[in-house]
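Produce the entire structure from the sequences given, and follow the hints as far as they go.
Here the protein sequences come in this chain order: A and B. Using the numbering used here, the letters of the first sequence map in sequence onto residues 1 to 361. Using the numbering used here, the letters of the second sequence map in sequence onto residues 1001 to 1066.
No wet-lab data here; the hints were simulated from the structure. Be aware that a few hints might be false.
[As the list claims (entries may be wrong)] Negatives, chain B to chain A, calculated, CB over 10 Å: (1) Y1014; (2) I1020; (3) S1021; (4) A1023; (5) F1044; (6) Q1063; (7) P1064.
[As the list claims (entries may be wrong)] Quick list of simulated restraints, FRET-style, between CB atoms: (8) A:Q97 x B:D1056: 50 to 56 Å; (9) A:L265 x B:A1027: 39 to 45 Å; (10) A:P241 x B:F1057: 57 to 63 Å; (11) A:G142 x B:F1057: 45 to 51 Å.
[Stated by the list, open to error] Now the stretches of chain B that chain A is said to cover, found in silico as 3 or more residues with beta-carbon under 8 Å: (12) 1035 to 1042; (13) 1047 to 1057.
The structure presented is a predicted model; accordingly, all values stated were derived computationally and were not measured. C-beta atoms are modelled at their ideal positions from N, C-alpha and C, and glycine is treated no differently.
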Amino acid sequence: RKSETLHYVCYSILRLVWLHKTDGYLSVLAASSPPPPGSVVVQGAPGLVSVPPGFSMPSVPPPSVPGQPAGETGSPLPNPGTYEECHRKCKEVFPIQMEGVRLVVNKGLSNHFQVSHTVTLSTLAESGYRFGATYVGTQQTGPAESFPVMVGDMDNTGSLNAQVIHQLTSAVRSKIAIQTQQHKFVNWQCDMEYRGDDFTSAVTLGNPDVLLGSGIIVAHYLQSISPALALGGELVYHRRPGEEGAVTSLMGRYTGNNYVATLTLGGAGAHATYYHRANDQLQLGVEFEGSMRTQETAVSFGYQLDLPKANLLFKGSVDSNWVVGAVLEKKLLPLPLSLALGAFLNQKKNKFQCGFNVTVG
Amino acid sequence: MSAAGKKAIGAPGYGVVEWISTACRFATDRNDFRRNLLVNLGLFAAGVWVARNLSDFDLMSPQPII
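Here it is as structure tokens:
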């Protein structure tokens, strides 16, 4: 039972690292970078919008041949996305706990390559320097997607986080992630995802060790039942010398006009999230987590205020463990600076934590 | 006899008081998993209700002119 919990915790950490790095990749694509000299503005056909330098118009599929009966061209149900993304919309509303001082300098060297320098000063965690690099390839599959993507960073002690994402075919995407603590490999995993017309399936192999005969296999499947409803499941199988076990969970997601409700039920417990987009400025999230193993439950309520006219983003949260937190992000235009202030207060344990980040570029 | 009779007459009232005190003990016992689960499910439902019904305000709307 302890080993099951340990393996499930390891898998959850692997998934969190994965999601964090994937978010970093998406923000890199949105980050500004100087256009290479001599770039040509690609003009579309008359009447279409001109494309900024460094980008290309996505290819338009040829019209269907007349005479084909309707309904045979494809499934009317949309692809439901990935299993991990179901709870993400609600999770992104909540503020992230910050402690200490962090200075991040991002520098785009070209449309494909970006480096970052991060200096962290902290009393609770280790202070240090981290160098990161991101490469985005030339195989463009969408207006904001290019492959392969290679993201890596290393700190001053030699600990490495690296990830490679590549689109093998139009439906198959693969990821490899490695994490080391100085010279020792801590996490290594490989992921393969297949996106069908109305379903997504993925298999992840975590920390496989052929010599020891240990590892973790995670299988996901998510199917669109209707344009609003998607149902899926997860199977986690872990093996170590002398023991093995499996944990299953089922998930349902309902998407409305301006809300998303997701519920996950499994052996580990229950996880429910509700995301509501009130208007362009205000988004709210409510999250419930319950675990039969630890016999604990918790509810969190969070909101995000986005005021682009004021270059301001504010996130606040309060939860059932008497923890109140908030993060304020402000762009200091016209400088390419972004300042983030965060504070978390635990009323029950009488603890307070605050921090601020400065991001350049 | 009179004491037994008095107890028989007061038994329903005594049962209700005992039920109320049990319910109060359950509601205030922070170490009880079922109690915490019920309270947090209620908070989750309240949070969803607040998100759906009390979030329709526009921060950038102009001030009302009186």
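Now for the hints, and whether the structure bears them out:
no., hint, in the structure
1, Y1014, "33 Å, holds"
2, I1020, "25 Å, holds"
3, S1021, "25 Å, holds"
4, A1023, "20 Å, holds"
5, F1044, "4 Å, violated"
6, Q1063, "16 Å, holds"
7, P1064, "18 Å, holds"
8, A:Q97 x B:D1056: 50 to 56 Å, "30 Å, violated"
9, A:L265 x B:A1027: 39 to 45 Å, "26 Å, violated"
10, A:P241 x B:F1057: 57 to 63 Å, "59 Å, holds"
11, A:G142 x B:F1057: 45 to 51 Å, "36 Å, violated"
12, 1035 to 1042, "holds (count 5)"
13, 1047 to 1057, "holds (count 8)"
The earlier numbered hints that this structure contradicts are 5, 8, 9, 11.
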